[in-house]
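Enquirer: Below, each chain spelled out in residue letters.
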Amino acid sequence: MADIVAPAYRTIPIIPALKPGAMEGKGPFVANDKIQEALGFPGQLVDDWHDRAIAKMGELLTKYRSFRVFMDACVHCGACTDKCHYFIGTQDPKNMPVARQDLLRSVYRRYFTLPGKLFPKLVGARDLTREVLDEWHNYYHQCSECRRCSVFCPYGIDTAEITMAARDILDAVGYGQKYSNEIIGKVHKIGNNLGLPGPALQDTLEGLEEDVKEDTGFDVRFPLDVKGAEVLLITPSADFFAEPHIDSLIGYAKVFHATGTSWTMSSVASEAGNFGLFIGNYEQMRKVALRIREAALELGVKRIVVGECGHAWRVAYSFWNTLSGVGSGADEVDRYAQMLQKQLDHRYRQPTHICEFTWDLIQRNALTFDKSANDKHIITFHDSCNVARGSRMGDLPGGQFEIPRNVIKAVANNFVEMAPNTTREQTFCCGGGGGLLTDDLMDLRVKGALPRMEVLQQVVDEHGVNFMAVICAICKTQFSKVMPIYGFDRKMVGGVHQLVSNAIQLGQK
Amino acid sequence: MASTVFAILFYFATLLLVVGLLYRISTYARTPAPLKIPTTPAPTTAGGVVLRMTREVVFFESLFKSNLWIWGFGMMFHASLALVVMRHLRYFTEPVWEWVVLIQPFGMYAGITMLLGLFGLWGRRIFVERIRYISTPSDHLMLVLLIGIGASGLMMTFVAHTDVIAVKGYFLGLMHFNIQVLPADLLLMLHLSLVALLLIVFPFSKLLHAPGVFFSPTRNQTDNSREQRHLSAWAAKLESEKN
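Residue numbers (our numbering), protein chains in the order written: chain A, 1 to 509; chain B, 1 to 243.
Each hint should be verified, as a subset may be incorrect.
[Unchecked claim] Calculated pairs, DSSO-like style, for lysine-lysine (alpha carbon to alpha carbon, straight line, at most 30 Å): (1) A/K342 to A/K302; (2) B/K168 to A/K63; (3) A/K63 to A/K213; (4) A/K26 to A/K178; (5) A/K186 to B/K237; (6) A/K34 to A/K19; (7) B/K65 to B/K237; (8) A/K63 to A/K117; (9) A/K186 to A/K227; (10) A/K56 to A/K34; (11) B/K65 to A/K189; (12) A/K227 to A/K26; (13) B/K65 to A/K19; (14) A/K121 to B/K206; (15) A/K481 to A/K19; (16) A/K213 to A/K491; (17) A/K302 to B/K237; (18) B/K206 to A/K117; (19) A/K371 to A/K409; (20) B/K65 to A/K409; (21) A/K56 to B/K65; (22) B/K168 to A/K342; (23) A/K34 to B/K206; (24) A/K186 to A/K19; (25) B/K206 to A/K56; (26) A/K34 to B/K65; (27) B/K237 to A/K19; (28) A/K227 to A/K371.
What the hints contain is simulated information worked out from the structure, not anything from laboratory work.
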């Protein structure tokens with residue numbers, strides 16, 4: 001850890017020269033048999049890994065159109081080559097999106113296409129060897145599945161889909177990643193990524209109520225497992241403990257309090273995050289998502305609101321309706337989804353992002369703010385990748401960019417944007433997403449943060465920015481850890497609802 | 001002799017192209033897309049998706065955002081190729097359609113801009129370190145093949161004319177399964193052999209990007225996941241097993 005230093009800023013944002021092999025062998029820890037078997041994966045690399053990996057690839061080719069089309073469609077045009085933050089930060093050519101895809105595509109060509117079977121050298125096809133498998137484990141854990149490359153690909157090829165397929169294959173042969181798989185195990189067993197059991201959660205929330213009472217004088221509640229509540233809040237478990245996450249949780253609670261909303265959290269579904277997405281395994285992702293369905297049915301809630309978490313919002317917005325029926329518009333004969341959808345109130349968006357929730361209230365003048373409470377901050381906003389490129393808020397495309405900014409501008413006076421080619425759908429990943437937020441990948445995380453840190457430095461120098469608002473638990477943790485290495489104060493990063501919390505006036509309406 | 005060989009070659013190549021492409025396209029169409037994965041911001045209506053796909057296929061919108069050099073050369077090549085192909089319809093129609101007559105001069109010069117575009121793309125493949133790194137031998141050979149087709153065609157247009165009336169007679173004959181005499185012209189035979197080769201490799205190569213782009217879920221899906229439940233057949237089975 002001590003020897004990790006930040007790479008130098010590029011004076012002009014030139015495309016870096018290649019450094020082949022720069023990140024070889026820098027991959028993550030391998031999951032042990034206990035972690036693997038808890039998810040139903042083989043405990044260790046199986047003897048017939050070669051055949052099983054090819055069989056799994058064949059299975060995925062029939063189950064996912066994305067994977068099938070993306071394997072064929074790439075023409076090696078090079079449009080994506082300079083778009084990945086990990087390539088920019090590490091200069092390893094295998095971190096260029098197309099080169100990362102080709103680690104898998106070369107094997108696809110060898111086993112599933114005629115030219116690859118006949119003339120492997122000609123079309124860049126190769127046998128699946130142990131070296132190739134190790135290379136997969138290494139480089140497919142140097143992708144944060146942020147989808148930035150997919151914005152720029154003329155065929156919409158999304159490296160995230162290919163990384164997910166690779167990780168699914170690796171898990172199927174018993175060669176998983178420790179960090180992600182361990183966390184998924186905790187969710188299955190206990191209900192959240194932190195492994196925080198119900199009673200401990202209850203204690204924590206009671207402690208929070210006392211703290212907020214001391215701070216504000218108001219009895220802001222943090223209810224747990226309240227049957228018949230209107231709103232079920234699903235939030236990343238980091239919000240219960242970590243800094244600066246907890247300040248946003250206080251913000252949500254204040255919004256609910258100020259509007260007299262009846263709400264609850266759930267000890268069964270005390271996690272918005274869903275690392276099943278990261279490992280590209282539909283069944284695991286579904287199993288994690290079903291806890292929310294279970295809690296919603298059990299508590300009889302009318303609305304489901306999701307806290308500040310990037311990939312969780314992608315899963316909630318884009319996949320919950322598919323995975324668990326949390327959403328609207330299920331077919332009359334779809335009994336599985338109807339069971340839940342009959343209970344939900346469809347005058348509201350299901351699920352609702354907490355920023356949508358707060359913004360709707362602001363538009364209806366239901367909240368009062370003292371914007372000067374945030375005058376100490378000069379604020380910028382970092383778009384989190386999964387929110388920006390994998391979801392929406394509000395009714396219009398791009399609402400995921402406008403609504404959080406609108407909320408910030410409603411509660412604070414000083415707001416500036418970072419460079420336009422690094423925000424909105426072109427935003428750079430924080431460097432820690434996609435199941436890489438682990439100490440064994442610290443070197444990668446620091447290097448991957450480079451493009452964001454460069455443009456943050458610009459607005460710090462030009463506008464005196466001292467607060468970067470985000471709506472993602474992973475971004476918050478990653479930036480708090482990495483920013484000091486770049487010479488920033490770790491307290492510069494915080495949630496949008498942390499700003500809401502600062503400015504909101506309780507007891508006004 | 002040559003007339004018969006080329007007849008067989010073209011029947012074979014055309015059959016392979018059609019069957020190969022239909023097979024590929026049916027594979028793409030049959031493979032389910034179990035999750036909603038449009039790259040957002042994405043259109044919320046089917047009409048919006050049609051517009052997005054049109055911008056993508058006609059103007060290469062994403063590539064434009066990505067890299068102006070690749071966009072410029074790529075656009076130059078594809079637009080020229082389209083004109084050249086349309087111009088060639090005169091060899092397969094009798095009487096020649098009005099609009100095909102009108103574009104003849106443009107089609108002839110498009111042959112030159114097509115080559116310029118191809119050389120531009122090849123130059124990037126050779127001189128830009130990142131693109132050289134990701135290039136396979138087949139990437140270079142594909143460009144060589146297209147340059148060969150363009151160059152041999154231009155030679156016949158501007159340098160050594162071939163008997164185009166006889167060529168047209170030959171292809172009209174082929175279309176009616178009636179083999180006529182093909183002019184014994186080396187440039188013509190080179191041109192036709194390379195074209196046949198292109199038709200043959202099409203369904204097995206990266207040229208599949210042409211049908212593939214229409215099936216790309218990140219581009220062709222509607223962003224309406226909250227409003228409508230999207231469920232694939234294999235995923236629905238998981239629900240009947242439990243709950």
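Enquirer: For each hint, tell me whether it holds in the structure or not.
Expert: Quick rundown of the hints versus the structure:
1. A/K342 to A/K302: It holds: about 9 Å lies between the C-alpha atoms, which stays within 30 Å.
2. B/K168 to A/K63: This hinted pair is violated, its Cα atoms lying about 47 Å apart.
3. A/K63 to A/K213: 52 Å, violated
4. A/K26 to A/K178: Measuring from Cα to Cα gives roughly 14 Å; hence the hint holds.
5. A/K186 to B/K237: Judged against 30 Å, a Cα distance of about 26 Å means the pair holds.
6. A/K34 to A/K19: It is violated: about 37 Å lies between the C-alpha atoms, which goes past 30 Å.
7. B/K65 to B/K237: 41 Å, violated
8. A/K63 to A/K117: Holds, at about 23 Å.
9. A/K186 to A/K227: Holds, at roughly 25 Å.
10. A/K56 to A/K34: 22 Å, holds
11. B/K65 to A/K189: 45 Å, violated
12. A/K227 to A/K26: 48 Å, violated
13. B/K65 to A/K19: 26 Å, holds
14. A/K121 to B/K206: 15 Å, holds
15. A/K481 to A/K19: Roughly 26 Å separates the two Cα atoms, so the pair holds.
16. A/K213 to A/K491: Distance of about 23 Å is within 30 Å: holds.
17. A/K302 to B/K237: At roughly 27 Å apart (the allowed maximum being 30 Å), B/K237 and A/K302 satisfy the hint.
18. B/K206 to A/K117: 15 Å, holds
19. A/K371 to A/K409: 9 Å, holds
20. B/K65 to A/K409: 29 Å, holds
21. A/K56 to B/K65: With Cα atoms ~35 Å apart, A/K56 and B/K65 exceed 30 Å; violated.
22. B/K168 to A/K342: Roughly 67 Å separates the two Cα atoms, so the pair is violated.
23. A/K34 to B/K206: Answer violated: A/K34 to B/K206 is near 42 Å, above 30 Å.
24. A/K186 to A/K19: 38 Å, violated
25. B/K206 to A/K56: 23 Å, holds
26. A/K34 to B/K65: 46 Å, violated
27. B/K237 to A/K19: 47 Å, violated
28. A/K227 to A/K371: Answer violated: A/K227 to A/K371 is near 35 Å, above 30 Å.
Figure legend: structure checked against the earlier numbered hints; hints not met, in rising order: 2, 3, 6, 7, 11, 12, 21, 22, 23, 24, 26, 27 and 28.
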